[in-house]
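**Student:** One-letter residues, chain by chain:
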Amino acid sequence: MEWGFVLGLIGAVLAAVLAGIGSAIGVATAGRTATGILSEKPERYGQLFIMVVLPGTQGFYGFLAAFLVMLNLNFFGEGGPVDLTVKLGFQVFAACLPAAFAGLVSAIHQGRVCAAGIMMAAKKPEMAFKAGVVYAVMVEIYAVLGLLISIFMLLFGINWPQAV
Amino acid sequence: MAIAQMKKVMIATHRSEAALLLEAIQQEGIMEVLDADKAMVSKDWPELQPQSTRPRDLQDLTSRLAKSISFLQEYKQEKKGLTGMLSPRAVVAEKFYSEVVSGREALEILEKCEEVREKIGRLNGRYESCRSMVESLEPWVGLTTPIEEIGKLRRTNILLGLIPGQHFERTAAALGELGAALEQVGSTGNRHACVIVCLKENISDVQKVLRAADYEPVSFESMTGTVAEAYEKNKAELNEISKHLQTEYEKAAELGQEYLKLQILLDHYENLLKRQQVQTSAPATEQTVLLEGWVKKADYGRLEATASQFSASSLMEMEQGQDEDVPVEITNTRTVRPFEVITRLYGMPQHFEVDPTAFLAPFFALFFGLCLTDAGYGIVIIAVVAYMLRKMQGDKMLFWLLGACSLTTIAAGALTGGWFGDAIQQFIPQLAPVRKKMMWFDPLEQPMTFFVLALGLGYFQIIVGLAIAFIHQLVRKDFIGAVCEKLTWLVMLNSLMLFGFSKVGMIPAVISRICVWTAAVPAVMIVLFSERQGSWAGRIGMGSYQLFSTIFYVGDVLSYLRLMALGMVTAGLAMAINVIGKIAGGIPYVGVILAILVLIGGHLFNTAISGLSAFVHTLRLQYVEFFPKFLVGGGRLFEPLGKQYKNIYIVKSEA
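Residue numbers (the numbering used here), protein chains in the order written: chain A, 1 to 164; chain B, 1 to 655.
Calculated directly from the structure, the hints in this document are not laboratory data. One or more of the hints may lead you astray.
[To be verified] Here are the in silico distance ranges between beta carbons for each label pair:
1. A:123 to B:506: 52 to 58 Å
2. A:123 to B:426: 47 to 53 Å
3. B:513 to A:126: 51 to 57 Å
4. B:5 to A:41: 37 to 43 Å
5. A:123 to B:204: 55 to 61 Å
6. B:507 to A:46: 52 to 58 Å
7. B:20 to A:125: 34 to 40 Å
8. A:46 to B:121: 29 to 35 Å
9. B:591 to A:123: 46 to 52 Å
10. A:123 to B:490: 39 to 45 Å
11. A:46 to B:425: 34 to 40 Å
12. B:426 to A:162: 47 to 53 Å
[Unchecked claim] Listed below are the simulated BS3-like cross-link pairs for lysine-lysine, each with C-alpha atoms no more than 30 Å apart in a straight line:
13. A:130 to B:296
14. A:123 to B:503
15. A:124 to B:38
16. A:123 to B:274
17. B:112 to B:274
18. B:652 to B:76
19. B:38 to A:130
20. B:119 to A:41
21. B:643 to B:8
22. B:297 to B:652
[As the list claims (entries may be wrong)] Reference excerpt, derived from the structure (chain B facing chain A, CB under 10 Å, subset only):
23. 561
24. 562
25. 564
26. 566
For every residue, glycine included, the Cβ atom is placed at its ideal position computed from N, Cα and C.
Please build the complete structure, drawing on both the sequences and the hints.
**Tutor:** Here it is, written out as structure tokens:
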């Protein structure tokens, strides 16, 4: 195995781990706020649910980027993983970073927006979708853009070696 | 397809007839009645004051009904599951409704219900106090001396109390040293019930020892006989109370069957209350009530017919006051109506603006489809929508909207070859030729096509927005404003566009030379005339800023790239789900089942999150990029006095 393969894997790991951490923090922030509200207004469960799970998507984006790397390295195909040169490894590594960092930061901030939205929904349930959900989804678009760049780079920017 | 024209009206009615008239108006649900604070007539004649009485009796009655209903909720047979959640209101036949409302039976049920509720509350209180008595007596049952004989003796004091187990040994030893006697008669949890006898002169030392041991004194004041007797008596009472409670619970369960009647009554009285509130807050004289308000021009005839049934009431049209806050309602054709959901969510336009619903409808449906670009997901959404439309009560507009959007999703999916991601290529290659035939381009192979498509649609929508504003200003006869503020932009932006195209060689270079001029002239006009008041320095300053804001249009157009981003990410996630499903399928024995579970669960999940993103981002494109080109918003929604039913759903015949 060459170091390039290791670098590629580190990139995939960063995408999955950082975006996952972001989502975990985001969902936790929103979830804690929601449980507080629910202790007084249990009937709001359904309405708050969506805002609690929203920051969870970034984790999936990171997962998708990591998954694409593994797929192209032929983890799941016949013959097992293929090797990467150091140069290719750096390319894969770089390609993973947008999904990793955009996911990490946007999920944490989305969690905060969701928490604020949840608190607002406690007093003004009619605004829960209008402001709470809509604002939160606006934060997410930057994770989507980061993931898209990662996808483009992984699919079109890298000359993946063929499995033997 | 527009903002409904409103008419200002006034109905003057004799006080004796006001209630009946208001009921007729409420039944029609077409007139918004203003209270004395908002009515123009009380501005002109401040002496017209509303009746000072408030319908307090009715308020009491409705709150009593609401309380009893929430009490009975625990005892009634509930509609279970999803169907119950989707149709929370009970279906009631009109005949049954009027029977319940006119009869006294429902009120009797209310009284019975309150009686039972109060009894249960009282019994529960007694049960609690009895139970705590039994609990505190329990450790003392072993004390056979009658209570009244325990107390001060000539030479000694007798103390009763609880000593925690962990201090017991130590305390017993310390008390023994002081010459006091300690006897344990029982225990509760970790604490021992003890009788302590000591000499009077030692009492303060004994108490010091006891305090150190967290001793808790117990007294049986006002009790006679042995503890065991009292204990038994209380236990018997506890049983008695439970039996009483049981009968009351049964009564409540019986009343629970009449739950519906109380709901009917509550809805009925809430409508009555609303009516009375309108009546008491309207400006009035000693003999008349003046109902000033708004009605849609189209409904004026109906209101006239309603008012003419009352001999002591007269309807007349009124002049609209200056700067008066005209309520806004939008009316659209059946096809466009579901898209009113989007407009209403944003808030009403001002009464002199355009109703954006018809303009946003095609864009919204198209953009939603592009954000998903998956025919499979479109089919899933259609299935969900069809189910909801059949099962749900009340306002279904949102689901009609989603239905329209899912059609475009299927179209967009078919054109880009997305059927549950790449499921066709992965699992059913036999269908690949069919997919190919319907396909326009594959986003993963030609992302630039999608890129240009998103930007092109964005540019088109923004130009449409400007054009709407231009035409609307022409219609309102603001010709100078239309030309200086809108036409200039339309010409300049399109010229810049063409200029760019000819520079990159897509169209002949001659055009670029023309476009320089067609862009420069409106640019100068924007600087000079977009602000047409104040000093020239201010005007040119503002104009220059306006010209500078051209770059915001670039931002606006780029914002439409989210269509491509969301569309491709949906496809990416779907692809990952398919690959995982395929891997799961390779597991021996359980593989097929696992694969099916992964595929169904994964694709449903992806439909949900991608659908939410698609909806919200499409919404944003309308609100942030499209609306500001021609709309300010902030109009007050027209809220006619009407009948509302929160708990029941009235149908004409027996359901």
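**Student:** So, for every hint listed, does it hold in this structure?
**Tutor:** Hint by hint, here is what the structure shows:
1. In this structure the hint that residue 123 of chain A and residue 506 of chain B lie 52 to 58 Å apart at CB holds, the actual value being about 54 Å.
2. As the Cβ distance of residue 123 of chain A to residue 426 of chain B is approximately 48 Å, the hint placing it in 47 to 53 Å holds.
3. For the hinted restraint 51 to 57 Å between residue 513 of chain B and residue 126 of chain A, the CB-CB distance of approximately 56 Å keeps it satisfied.
4. The beta-carbon spacing between residue 5 of chain B and residue 41 of chain A, approximately 42 Å, falls within the hinted interval of 37 to 43 Å.
5. Checked against the given bound of 55 to 61 Å, the beta carbons of residue 123 of chain A and residue 204 of chain B, roughly 58 Å apart, stay inside it.
6. Taking 52 to 58 Å as the suggested C-beta distance range, the pair residue 507 of chain B and residue 46 of chain A conforms, at roughly 54 Å.
7. Range check, residue 20 of chain B to residue 125 of chain A: Cβ separation about 36 Å, and the 34 to 40 Å hint holds.
8. Between residue 46 of chain A and residue 121 of chain B the beta carbon distance is about 31 Å. The supplied range of 29 to 35 Å therefore holds.
9. Take residue 591 of chain B and residue 123 of chain A: their Cβ atoms lie about 51 Å apart, and the range 46 to 52 Å holds.
10. In this structure, residue 123 of chain A and residue 490 of chain B meet the distance hint of 39 to 45 Å, their C-beta atoms being roughly 44 Å apart.
11. About 37 Å separates the C-beta atoms of residue 46 of chain A and residue 425 of chain B, a value consistent with the hinted range of 34 to 40 Å.
12. Checked against the given bound of 47 to 53 Å, the beta carbons of residue 426 of chain B and residue 162 of chain A, roughly 20 Å apart, lie outside it.
13. Distance hint between residue 130 of chain A and residue 296 of chain B is fulfilled; the C-alpha atoms sit about 28 Å from each other, no more than 30 Å.
14. Under the criterion of a C-alpha separation no larger than 30 Å, the hint pairing residue 123 of chain A with residue 503 of chain B is inconsistent with the structure, at around 56 Å.
15. The suggested pairing of residue 124 of chain A with residue 38 of chain B holds, with an alpha-carbon distance near 25 Å, which does not exceed 30 Å.
16. Simply put, residue 123 of chain A and residue 274 of chain B have alpha-carbon atoms about 24 Å apart, close enough for the 30 Å limit, and the pair holds.
17. The hinted pair formed by residue 112 of chain B and residue 274 of chain B meets the criterion: a straight-line CA distance of about 26 Å does not exceed 30 Å.
18. Between residue 652 of chain B and residue 76 of chain B the CA atoms are separated by roughly 26 Å; this keeps the pair inside 30 Å, and the hint holds.
19. Only pairs whose Cα atoms come within 30 Å are accepted, and residue 38 of chain B paired with residue 130 of chain A is accepted, the gap being roughly 29 Å.
20. Between residue 119 of chain B and residue 41 of chain A the CA atoms are separated by roughly 28 Å; this keeps the pair inside 30 Å, and the hint holds.
21. With a C-alpha separation of about 22 Å, the suggested pairing of residue 643 of chain B with residue 8 of chain B holds against the 30 Å cut-off.
22. For a cut-off of 30 Å, the pair hint linking residue 297 of chain B to residue 652 of chain B stands: about 29 Å separates their Cα positions.
23. A cut of 10 Å between beta carbons decides the hint on residue 561 of chain B: the least distance to chain A is about 8 Å, and the hint holds.
24. Hint status for residue 562 of chain B relative to chain A: holds, with the closest Cβ pair at about 6 Å, below 10 Å.
25. This hint holds: residue 564 of chain B has a C-beta 8 Å from the nearest C-beta of chain A, less than the 10 Å allowed.
26. Because the closest C-beta pair between residue 566 of chain B and chain A is about 6 Å apart, less than 10 Å, the hint holds.
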